[in-house]
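There are 2 protein chains.
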Amino acid sequence: AILEQTQHLLAPQDLTGETVLVTAGPTREELDPMRFLSNHSSGKMGYAIARAAADRGARVRLVAGPTALSTPRGVELRQVVSAREMHAAVMDLASDCSIVVKAAAVADYRPACRQDQKIKKGGESTLSLELQRNPDILAELGQLQGERFLVGFAAETEQLLENARRKLQDKNLDLIVANDLTAEGAGFAGDTNVVRLIYRNGDVEDLPQMSKDQLAHSLLDRIRSRLHGKEEAGCQ
Amino acid sequence: AILEQTQHLLAPQDLTGETVLVTAGPTREELDPMRFLSNHSSGKMGYAIARAAADRGARVRLVAGPTALSTPRGVELRQVVSAREMHAAVMDLASDCSIVVKAAAVADYRPACRQDQKIKKGGESTLSLELQRNPDILAELGQLQGERFLVGFAAETEQLLENARRKLQDKNLDLIVANDLTAEGAGFAGDTNVVRLIYRNGDVEDLPQMSKDQLAHSLLDRIRSRLHGKEEAGCQ
Chain S
1 AILEQTQHLL APQDLTGETV LVTAGPTREE LDPMRFLSNH SSGKMGYAIA RAAADRGARV
61 RLVAGPTALS TPRGVELRQV VSAREMHAAV MDLASDCSIV VKAAAVADYR PACRQDQKIK
121 KGGESTLSLE LQRNPDILAE LGQLQGERFL VGFAAETEQL LENARRKLQD KNLDLIVAND
181 LTAEGAGFAG DTNVVRLIYR NGDVEDLPQM SKDQLAHSLL DRIRSRLHGK EEAGCQ
Chain E
1 AILEQTQHLL APQDLTGETV LVTAGPTREE LDPMRFLSNH SSGKMGYAIA RAAADRGARV
61 RLVAGPTALS TPRGVELRQV VSAREMHAAV MDLASDCSIV VKAAAVADYR PACRQDQKIK
121 KGGESTLSLE LQRNPDILAE LGQLQGERFL VGFAAETEQL LENARRKLQD KNLDLIVAND
181 LTAEGAGFAG DTNVVRLIYR NGDVEDLPQM SKDQLAHSLL DRIRSRLHGK EEAGCQ
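If you read the sequences in order, they're chains S and E. Going by the working numbering, the first residue of the first sequence is number 1, and it counts up by one from there. Going by the working numbering, the first residue of the second sequence is number 1, and it counts up by one from there.
Please note that a few of the clues may not be correct.
Each pair may be met inside one copy or between any two copies, as identical chains are not told apart.
Unchecked claim - Straight-line distance between alpha carbons at most 30 angstroms, and here's what the computed DSBU-like set of lysine-lysine pairs gives: (1) Lys118 with Lys167; (2) Lys212 with Lys118; (3) Lys212 with Lys120; (4) Lys120 with Lys167; (5) Lys167 with Lys212.
Just so you know, the hints here were simulated from the structure itself, not pulled from any lab data.
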């Protein structure tokens with residue numbers, strides 16, 4: 001706690017006046033009261049960004065799926081479970097935010113029917129689970145855009161740059177943080193990450209392996225300088 | 001740590017000489033490197049039983065799916081992820097155990113094909129996920145049986161007694177611990193449980209709400225006395 005307070009005091013207050021929306025963690029898509037579909041996101045990257053932004057003076061709203069993490073000081077937490085809940089919370093909160101960082105790993109699909117009672121297994125050796133597409137939160141935000149600075153993540157296992165570039169364009173993002181889940185020191189569970197940043201104008205920047213807390217600050221440095229460029233461009 | 005040592009010293013050493021196999025937690029069935037099917041089991045009940053059995057002098061082997069819990073002192077942990085890994089570990093370890101308590105919530109089905117690369121979403125609004133039946137560990141143990149005392153769990157949301165009785169018979173168990181997931185003070189995440197015990201001979205015993213640690217000891221009391229009855233019956 002003392003360390004956390006010291007970091008807070010040492011951080012530059014260069015995001016004062018900004019309202020930042022961060023999403024974090026996985027979503028859980030329930031089949032019945034016991035079973036669900038989910039993914040390996042730990043929420044650490046998103047929580048690190050929320051904490052860093054709050055330490056730098058921003059008003060921070062964090063929309064988070066189920067994680068084992070505690071809420072950083074000064075951050076307003078909105079807890080959600082499913083992709084649809086995350087969609088509703090983000091759409092509710094995004095309108096007056098100047099920066100949106102979507103670090104959550106949102107499930108693309110959910111079970112088409114959620115059963116209220118535990119599904120009893122029959123004798124079948126195979127089963128077909130019908131899935132339905134979830135709302136695409138990032139694409140919807142990209143369409144709203146305006147002067148909001150929109151940052152997405154692309155966690156990939158192959159063709160990192162190609163997949164990330166397509167996502168940046170499709171969703172109309174300002175910046176995408178691409179990480180190769182198979183790289184040493186990267187991925188969900190760990191405390192470090194190795195990423196490549198791709199900007200709207202095509203710039204590519206490789207960051208070395210660093211802790212998720214350090215990466216959060218590096219990202220906010222870049223967002224802050226590009227955010228101001230964007231605002232000025234919008235005023236011309 | 002001091003409390004744990006005290007409890008260890010205070011516990012009766014009435015399971016000395018027994019080897020107990022406990023399973024705990026959920027299993028995760030992977031679709032690809034990011035996504036999985038799982039369930040809400042926290043592993044707390046199984047870990048409590050493993051801890052209590054070790055405190056009472058038993059040799060304890062714990063086969064556990066992914067949980068946030070730390071291994072109790074004196075317990076040999078075998079960490080697994082999928083139902084098939086749990087099946088292999090249990091079959092490997094069960095043969096010289098006198099008591100087997102299957103508290104894990106094992107997935108009935110797994111994705112028929114596990115993809116090595118992250119599945120890219122296409123434009124489809126619906127998707128069909130093909131699932132394949134997992135091995136039924138409890139039924140397989142029930143067929144091996146012999147003098148081993150076999151305990152299963154039935155977590156239900158409706159028709160508790162009926163579903164639990166059928167499971168006890170189908171799997172050839174000595175005791176089934178039935179809990180209603182919808183009851184106050186019961187369920188996966190909490191630290192308390194409310195259960196109904198159903199024995200092979202048809203006896204039914206309702207236990208009041210208690211902590212999972214207390215329930216672990218209550219279960220072991222009953223297993224111990226019935227185990228000796230079973231051994232004596234086998235000698236006649």
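Verification of the supplied hints:
1. For a Cα distance limit of 30 angstroms, the shortest separation of Lys118 from Lys167 across copies, 15 angstroms, qualifies, whereas the shortest one inside one copy, 37 angstroms, does not.
2. Proximity of Lys212 to Lys118 under the C-alpha cut-off of 30 angstroms is restricted to the inter-copy arrangement: shortest distance 22 angstroms between copies versus 38 angstroms within a copy.
3. Taking the shortest alpha-carbon separations for Lys212 and Lys120, only the inter-copy value of 26 angstroms comes in at or below 30 angstroms, while the best intra-copy value is 42 angstroms.
4. Taking the closest pair of Cα atoms, Lys120 and Lys167 come within 30 angstroms of each other only across two copies (11 angstroms); inside a single copy the shortest separation is 40 angstroms, beyond that limit.
5. Taking identical chains as interchangeable, the C-alpha atoms of Lys167 and Lys212 lie at most 30 angstroms apart only when both belong to the same chain, with a minimum of 22 angstroms there against 47 angstroms between chains.
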